[in-house]
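2 protein chains.
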Amino acid sequence: MNKQDKTKVREILDAVKSAGRQSLTAPEGKQVCDAYGIAVPQEGLAKSSKEASNLASTMGFPVVMKIVSPDILHKTEAGGVIVGVKNAGEAADAYETIIANAKTYNPDANVVGVQVQQMLKGGQEVIIGAVTDGSFGKLVAFGLGGVLVEVLKDITFRMAPASKEDAYSMLDGIQAAEMLKGVRGSEPVDREALANLIVRVSELVSDFPEISELDLNPVFATKDGAIAADVRIVVDFEQKAPRYRPAEDQVLASMQRIMQPKSIAVIGASSEDGKIGNSVMKNLINGGYKGNIYPINPKADNILGYKAYKSVKDVSDDIDTAVFAVPAKLVAPALIECGEKRIAGAVLIPSGFAESGEPEMQEELVKIGREYKIRLMGPNIYGFYYTPANLCATFCTAYDVKGSTALSSQSGGIGMAIIGFSRSAKMGVSAIVGLGNKSDIDEDDLLIFFEQDDNTKVIAQHCEDLKDGRAYAEVARRVSKKKPVIVLKAGRTSAGAKAASSHTGALAGNDKIYEDVFKQCGVIRARSLRELLEFARGVPVLPTPKGENVVIITGAGGSGVLLSDSCVDNKLSLMAMPEDLDAAFRKFIPPFGAAGNPVDITGGEPPSTYKNTVLLGLQDDRIHSLILGYWHTIITPPMVFAKIIVEARDEMRAKGIEKPIVASLAGDVQVEEAAQYLYEHGIPAYAYSTELPVQVLGAKYQWARGAGLI
Amino acid sequence: MNKQDKTKVREILDAVKSAGRQSLTAPEGKQVCDAYGIAVPQEGLAKSSKEASNLASTMGFPVVMKIVSPDILHKTEAGGVIVGVKNAGEAADAYETIIANAKTYNPDANVVGVQVQQMLKGGQEVIIGAVTDGSFGKLVAFGLGGVLVEVLKDITFRMAPASKEDAYSMLDGIQAAEMLKGVRGSEPVDREALANLIVRVSELVSDFPEISELDLNPVFATKDGAIAADVRIVVDFEQKAPRYRPAEDQVLASMQRIMQPKSIAVIGASSEDGKIGNSVMKNLINGGYKGNIYPINPKADNILGYKAYKSVKDVSDDIDTAVFAVPAKLVAPALIECGEKRIAGAVLIPSGFAESGEPEMQEELVKIGREYKIRLMGPNIYGFYYTPANLCATFCTAYDVKGSTALSSQSGGIGMAIIGFSRSAKMGVSAIVGLGNKSDIDEDDLLIFFEQDDNTKVIAQHCEDLKDGRAYAEVARRVSKKKPVIVLKAGRTSAGAKAASSHTGALAGNDKIYEDVFKQCGVIRARSLRELLEFARGVPVLPTPKGENVVIITGAGGSGVLLSDSCVDNKLSLMAMPEDLDAAFRKFIPPFGAAGNPVDITGGEPPSTYKNTVLLGLQDDRIHSLILGYWHTIITPPMVFAKIIVEARDEMRAKGIEKPIVASLAGDVQVEEAAQYLYEHGIPAYAYSTELPVQVLGAKYQWARGAGLI
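Listed in order, the protein sequences are those of chains A and B. Numbered according to UniProt numbering, the first sequence spans residues 1 to 710. Numbered according to UniProt numbering, the second sequence spans residues 1 to 710.
Chain A on its own, in the form it takes in the complex (with noise of 0.2 Å):
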């Protein structure tokens, strides 16, 4: 592609700003595609029926015809079109008819004259367009074109610029994608030149943010080339306030004083019970916390055993993290001593502000914020653990199982339900952070301290919406090869968004556009609520594949049925079973046994045919995951299966062999534990679901092809 002219579009668009218009002519149109290699047809501009009939004449017929107008828009409406002009005299008429039905649409209008524009039939008729999210910013939109297109919504956005990955992504990424391939007898298009148009117009909107929406509706994609048959784009001038984001190092240095301070203060610290600020002194000092602990409260000389002070300036040691049990009207000015203190956090657990009709005493916290640069968290939250420094900063109860998950959440009440469900699967985690009004630290600065954290594996977050989308974005696109990123996106569907929009002030986003982003980003998007809490403690347990090939080995059938299903479901592919692989497993398995994958052990069979076929399926090299399918009998009980499958992984680990293992237990009440066992012994497994372990190896699976391991 040539390189792009910026100069010519600069110049367009300052013309166009110049004379306070919202969207460029056709031919303006047509010259900014030009100076980015974006292919439109030849065309001209025709100021006389004369003009018309020798310009069609000249690129050769059918043209279609248009009337350029800075004050038409909507040109079919105004009777502005006419297609398919067939030769010199029709182009004549047309020029005079499409001049007429403009004066009779808007007799101010200025008319400029009429485009003549060489006509594209054949091929696929596709959209590409670039918008401005309010969160996500620039985004390149592809599709194929037509009204049911539109009717299915079959459209996929990214975050531009696009690369030309991201491009063959979306490619593939909508559900009419066959349609690209060739589909009865027709000819595929040329993928390579709808992905360059989608790069070229990702960049031009990167480039120029004044433009806030384009459109080339249709393009033609031939097997040859793709061509732009219209544009339009429409610009905006007003200059957005950029938002405030500090450099990453600094982020990186506060909330690393933050997550592991080496002292910590409680504004509002309370002997009396019952009290928050008596709650979080007793997390503090119960949860094993080895740093200093500094209670402030002006009131009392000593709070459970530790000296009092009336202000943290009162403090000769340095404090990383103050957390503040006050009430609302309090916080303001406690925060600026905090702030000329230099601590470099503040928790902010009180409630009473932007979530109950209190932006602006909000607002000013953040102003605090902001000129002594201490970063809030909060308010409006439950507070912080860090296990790996046995720090409880909250007023819920203590949290101790130590693991290598960090979950945070938006709202209060989903980090109790991760509280809960964490103990009660006895779930190891690094974190679990409350971030409530999110008026200052969000999930992106959460992503940077866990990215190099060494005690976190994955980081699992439930959100409502993202302040900074793009922000975000850039930052998980970085992590997730690194760290799987699991999502919880709440408010997905209209009425859920408009929840979210009661809930948060947060306006609701649009949905697609963040399915798509996270796809870009490698971010795992969990549906539910109990699905982000079982991807947060699964996908840290299993080992990471080294390729696609999934084997079964069930010993009920009903269950490989099932676990077949669910690995459709979740993207998993069955291994096509090899004749020496097959024959293999047969040597383990009666003769009634099924052939292929799954592998059907049947039921009935002792530990040792359980255990021969997993050992088979973990050393062979073509098999890269195994999924079991226990049904509970007598021969093999859940607890000897449990204790077989664990010690085959085990020998196996001896001499370098990992793969990740599922298992789904089918059975009575005992098979609970048996599950709980091979949980612990790092084999996620659960009792009566096909469905779940399945759905944990293929987010683990997702992640894995998203970092480009696999």
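In silico lysine-lysine, DSS-like type, Cα no more than 30 Å apart, as pairs:
1. B:LYS512 x A:LYS571
2. B:LYS587 x A:LYS329
3. B:LYS483 x B:LYS512
4. A:LYS121 x B:LYS223
5. B:LYS571 x A:LYS153
6. B:LYS153 x A:LYS153
7. B:LYS121 x A:LYS86
8. B:LYS121 x A:LYS181
9. B:LYS86 x A:LYS86
10. A:LYS181 x B:LYS512
11. B:LYS153 x A:LYS512
12. A:LYS643 x B:LYS426
13. B:LYS329 x A:LYS587
14. A:LYS275 x B:LYS611
15. A:LYS262 x A:LYS290
16. A:LYS153 x B:LYS512
Calculated from the structure, these hints are not laboratory results.
Using the hints, position chain B against chain A.
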């Protein structure tokens, strides 16, 4: 419409049969359409170029012309179709061209002439067709025309004959349904004309089973009607033997004796621990079965205190049910004795039949069963439980929690999962039945029994195939009007279907057909094993809603958003909150609580706020169901919340007010006990999940709508 002219169709089909053809010519197709009031374009047969131009001139241009030859099915391929013929001269030329092409394509073809047909355009192109499915028989299909629809597989099926209501539901049942309603200024199509066309096609193929396939493609649907531009009819005159199926009253009489036996024989009863015949005896005795038990064993006089017999024929009493616990090869002779003894049913626990590569052995049993009119359950099953009779006719562990859900499974493993889950969740059941190889008794026999069984309120079934989908659907359609029928159809996906095939030798069903027929019959489809189990547990607990208005009352705003998402996912309508009702709720909640629906009572509220808002929700007639979101706080602990909700429900119940209530509990592990308490008191409640309670409510709504109750 005109009365159907069956005689005419019979004549045509007879002629086709005599000619040994497998398809109808276009003129024959048109005559069949005419006979059934299926609108087709004006047309005629030309045998010369002159006739062609005359004919075309009388019907008006443009016309389409097509070769008529029984030997040329793919007319376009043969160059036998010319569209857009514009005048008399073109028509004459087209005639010659088509004849010449046909001769080139197949010199031996018997060419009847050229069909001249009025050319339709405008409106929406749709496809109406019919196919013959191995399990469901005749099905009528509907979709939009065009390649894109093929790619998206956007087509819907119903069993033929389809009612007018079925037909309308098909128009609404495609993804692109909006296209029929008029988009982008196009006019809506004549829905009644389309529905009539669907009904007529469905009647035609039902009246004439030899029509194996029929395609009206395309049908042009406009605002004024619907005309089939092309018809293709394929016939198959080979008579299929109808599947053996006893009359319903016979089925019921047998099933009543089998499921509620006055006396039961155990073939192969044993005193030896660990034998299946010993487990069955113990389960019968310890389960508390009150009828007579007759152990059959030629080598024993007494088994576990019961007199043993050499044969069932030695028992003087009548016997209803015989449970088999002998090796496969001993089943047939014992079954003959059972037949001679006029036993109603044999519960065939033994394996070693079709599932083990011995289909002939199974066929032998089927033959004996037919001859002696003894119904067979299995073989290759765990047996069955019928709790109202304290009957555990199984070798598995006993289960005695009585309730109103009847479950069945095709697979033994899934049956064990049902038992384990039931015990763990304390789910009350009326029956659990294993169907295994389904040599005889299958899902529809069970439906017929459970339909009239007052102990059963909900029927939940796992199946991998339906041997006779048509029979099942007919019964299910009736039963589902009275009691919810929930089905987990395994082998949904192609990978799953493959496993189903290797497991039971069942033909892989086309999943879309299952999906649509279930919809047609009011069957609730579970998407996963856990969903089947949760629906089985929750649906009978809930009262039937009286309308669509659902209100969410939540202490956690975050739960409210997720619950709203789930409502949309599960097709529940969040009620638009009327102003007066909004004001009434606001009286109970803090000023910053969110307006509308969800009602966000905010965290930190006392029990009275939960109770007052729930009472209001139950009292107001405009609200039909409540979804509660609880947030664990010290002020309203989990069990306090649970008890207060049950109290509120009981107070209203005493006044004759009953509405479905479900609850989602977010909090620490104590919420698990509270959820269990709520569930046991008739309020399906889940800890750490915002989706499960809504799914259960959604299933209840789906049933109530299908049964015409709301």
